[in-house]
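All chains should be modelled from the sequences, with the hints used to inform the complete structure.
As you go down the protein sequences, you meet chains A and B in turn.
With the first letter of the first sequence counted as 1, position 119 gets the number 118 in numbering that gives the first Met the number 0; the numbers rise by one all the way through.
With the first letter of the second sequence counted as 1, position 182 gets the number 181 in numbering that gives the first Met the number 0; the numbers rise by one all the way through.
Rather than coming from a laboratory, the hints here were simulated on the basis of the structure.
Just so it is clear, the structure is predicted and the values come from calculations on it, not from any experiment.
Certain hints may be false.
Stated by the list, open to error - The calculated DSS-like cross-link candidates involving lysine-lysine, where the alpha carbons are at most 30 Å apart (straight line), are:
1) Lys-342/B <-> Lys-378/A
2) Lys-237/B <-> Lys-377/A
3) Lys-351/A <-> Lys-52/B
4) Lys-313/A <-> Lys-237/B
5) Lys-389/A <-> Lys-212/B
6) Lys-342/B <-> Lys-371/A
7) Lys-283/A <-> Lys-250/A
Said to hold, decoys possible - Not the full set, but computed from the structure, chain B residues with beta-carbon under 7 Å of chain A:
8) Phe-16
9) Lys-212
10) Ser-317
The beta-carbon is built from N, C-alpha and C at its ideal position, and this holds for glycine as well.
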Amino acid sequence: MEENIIELRGITKQFPAVLANDNINLSIQKGEIHAIVGENGAGKSTLMKILYGLLEPTSGEIFFKGEPIKITNPSIAIDHGIGMVHQHFMLLPSFTVAENIVLGTEPRRRKIFMDFKQAIEITEELVNTYGLKVNPHLKAEEVSVGIQQRIEILKALHKGADILILDEPTAVLTPQETEELFVVIRKLVKELNKTVIIITHKLQEVMALSHRVSVMRQGKLVGTVDTKDATEQILAEMMVGREVLFDPLDKKEVEGTTVLEVQELKVKDNRGLFALKSIDLKLKSGEILGIAGVEGNGQSELVEALTGLREIEKGQILIENKNITGKDPREIREMGMAHVPEDRLATGLSKKATITENMMMGTHDKEPYAIKGIHINKKPIRERAERLIKEFDVRTPTQDVLVENLSGGNMQKIIIAREFSFDTPILIISQPTRGVDIGAIEFIHKEIIEKRNEGCAILLISAELDELFRLSDRMITIYEGEITGEFINGEISKKEIGLYMTGKQNKTQEGRA
Amino acid sequence: MKKFITSKDTEYLISLFLSITAALIIGALIMMANGRSPIIGYASLIRGAFGSKYNIATTLAKTVPLILTGLATAISFRSGIYNIGGEGQLYLGAFAAAYVGFTFTTLPGVIGILLAIIAGAIVGALYAFIPALLKVYYKIDEVITTIMLNSVAVLFTDYLVNYPFAANQGKMGGTDMVETSYRLSRLIRLSTLNTSIFMMGFIALIIYYIMQKTSTGYSFKMVGQNATFAKYGGINAKKQMIVAMLISGGLCGVAGVLEVLGTHYRFLQNISPGFAFDGMLVALIVKNNPIGVVFMSIFFGALKTGSIAMENTTSIPSELVLVIQAIIILFIAGEAGFKRIIKDYLMKRNLQQKVGGK
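This is the structure:
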């Protein structure tokens, strides 16, 4: 366990606008689980991409078993037994599990034809060796996210990986799936003598899983510590560079009336299948209703239906008793709904536009920002943007910066600033802190609670259970387009809610039966 | 860091300038390879474009259709709907103007001119409306439909001028002349420069205003950059695309009208040597910036006029100018790549200085 299998010496990576890695010295020991933590933009992924040959360092050296090596592309990394599982899976959805696993090293018959039978045999052998259960015959698009991740891991192992790099592996998993993954990782290390590097920002997981932790902040390696000597608090402080206090949020009692009502809502997804099968919910002013569910169980479609971005098949949505069915996003906004979308780059922003241009969306044809709704009135537009930048602490030199040059957290703040500034009675907030650093998470959470205390009705969709438990007054679990349970926050544990999220328990069916 | 972000426009102007310079240098090399002096060649080109009142007038006359079709491209491309059908819209607009000009011959001059312009704009817009609807409601690629509709329009007007509307004086490939009072007056003797340049200027100002100063212009831009974002923010992306396409088609139609009323006084088969395509190149080079379209059109107009003079005095073929145009576009297309090369170089130098200073 003492032998350094990999050593990074003085790794520096300069991007046009940022120094992503600044003179990093890091050693990975054989047979350890090494966690690399840090806020978004701290340079973790960059460092791992350098190790895997996807990026070349501006300067610095990599030593493999004491020998200096140059990893100029991933195939060199693979030759040295380094494998990587990316945060976004790189599977071909219409290929079977077995085909995905052997992709790039396909077994052949007569050197030309792919040998499908052998591919399946290879997969089964891998499954037996590593205890990662997958069905080689299913198509990648047919299996759950957790299984897709297993396929990625098997793919890397099949290529001969001794050192596995896992980039934010638990971001898309339920608590149960996360635990299963940890069992697998422990087994790989203990019984099969693999080395695992895991990138994450979830400190609980670091504490539960790793032997050693390296903390990165703003491109620098703050330090490497033995996990048994660390606490979450210490690591958080190392990550942020100051004391982090997760203050309890100050929730006021608000007497609420129902402002949003969804009745027997049915919505189809892009493939034409029912993503929502009869959803009913009520949202009161001054409350935060959290929607818990594994991604892809209809949450996105629900949000799109509510905000007018997706057609409703059946049922109705009422805002203050007025039906919004068939109305376009603009009319729905005017009826009193604002929306922080789940995907900020695809929906929430135009990255090629300036901060000002992004902030004026929605006010661009309204007085006083547009005289008579036509002529752009620069002065109030710029003043408003300046005010929102200050109020929401967007870190930028000027408001004329293109959004693509900002960090994820700052992009998110722009969206939140814009949507919150409309002062609507209803807010739909989806994944508000995805890919956002700790400091910004704190800030965004406080803003959300403040809105709630002002009497805004908030529907919160999040893949982070911690976030839902922290903010929600009530929670609904959703599984395969159906509501499986409804809870007052505090009456259920994270573990229990996981069962409802995966459909293993169902309150409503019990009730109906 | 600030410098990297805020100086985008200056950065672009610099790389544009470098591209043009590089293209001119390559042009010079080609001249030298053919045993001709680039200095004499370029001198005669510049003299040909700006050497006298007549030459300047000819250059400016060439810019009229370029600016109109350039703006037409800019407004549609910026809205994320790609009108490649400007040529067809131009032909139909031109024919409509000629039709008005030889049919309604009794109107007062101003009314007749206005009527011809409006007719041309409407015909051009309607012709762009077809691919716009197909794109927005049936997701049929407008690039393909507009290109194909070009051929339809050009061949259709070919038919019209050769059969039902063939000129009475027996000349094939042209309609009757338009009413004399509808013809735009020439400004400089011998050159074709005429009052259409003022009309074009007026239209260009309106387009500039719409694109840069109105909420509609903002909507166009947002739809073009990220249609999902626009829709989410309450902009009717489909409607904006259709409107942009209508304006674009209308502009091309007017470009055709002004050719008829100002230059030829009738519709001719092959009335446009590809104005709309040149306009598209202009817009592409300046990244759909309306002011840029004006300046780049003047540059292109000068190249065109000058090249003919150059051919006459130095026997360097005028096609060389096409080579230069193509190289500029090539360089502009490679702009991002060049920028990265320069940035990487600067960064490495900075870093070395930092390391060296330790």
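Right, here's what the structure says about each hint:
1. Under the criterion of a C-alpha separation no larger than 30 Å, the hint pairing Lys-342/B with Lys-378/A is inconsistent with the structure, at around 35 Å.
2. For the proposed pair Lys-237/B and Lys-377/A, the alpha carbon gap of about 26 Å is at most 30 Å, so the pair holds.
3. For the given pair, Lys-351/A sits about 43 Å from Lys-52/B by alpha-carbon distance, which is inconsistent with the 30 Å threshold.
4. With a C-alpha separation of about 25 Å, the suggested pairing of Lys-313/A with Lys-237/B holds against the 30 Å cut-off.
5. Between Lys-389/A and Lys-212/B, the direct Cα distance comes to roughly 26 Å. Compliance with the 30 Å bound is thereby established for this hinted pair.
6. Straight-line distance between C-alpha atoms of Lys-342/B and Lys-371/A comes to about 45 Å, which puts the hinted pair past the 30 Å bound.
7. At roughly 15 Å between alpha-carbon atoms, Lys-283/A and Lys-250/A fall within 30 Å of each other, so this suggested pair holds.
8. Look at Phe-16/B: its Cβ only gets to about 21 Å from chain A, farther than 7 Å, so that hint breaks.
9. The beta carbon of Lys-212/B comes within 5 Å of a beta carbon in chain A, closer than 7 Å, and the hint placing it at the interface holds.
10. Residue-level restraint check for Ser-317/B is violated (minimum Cβ-Cβ distance to chain A is 38 Å; threshold 7 Å).
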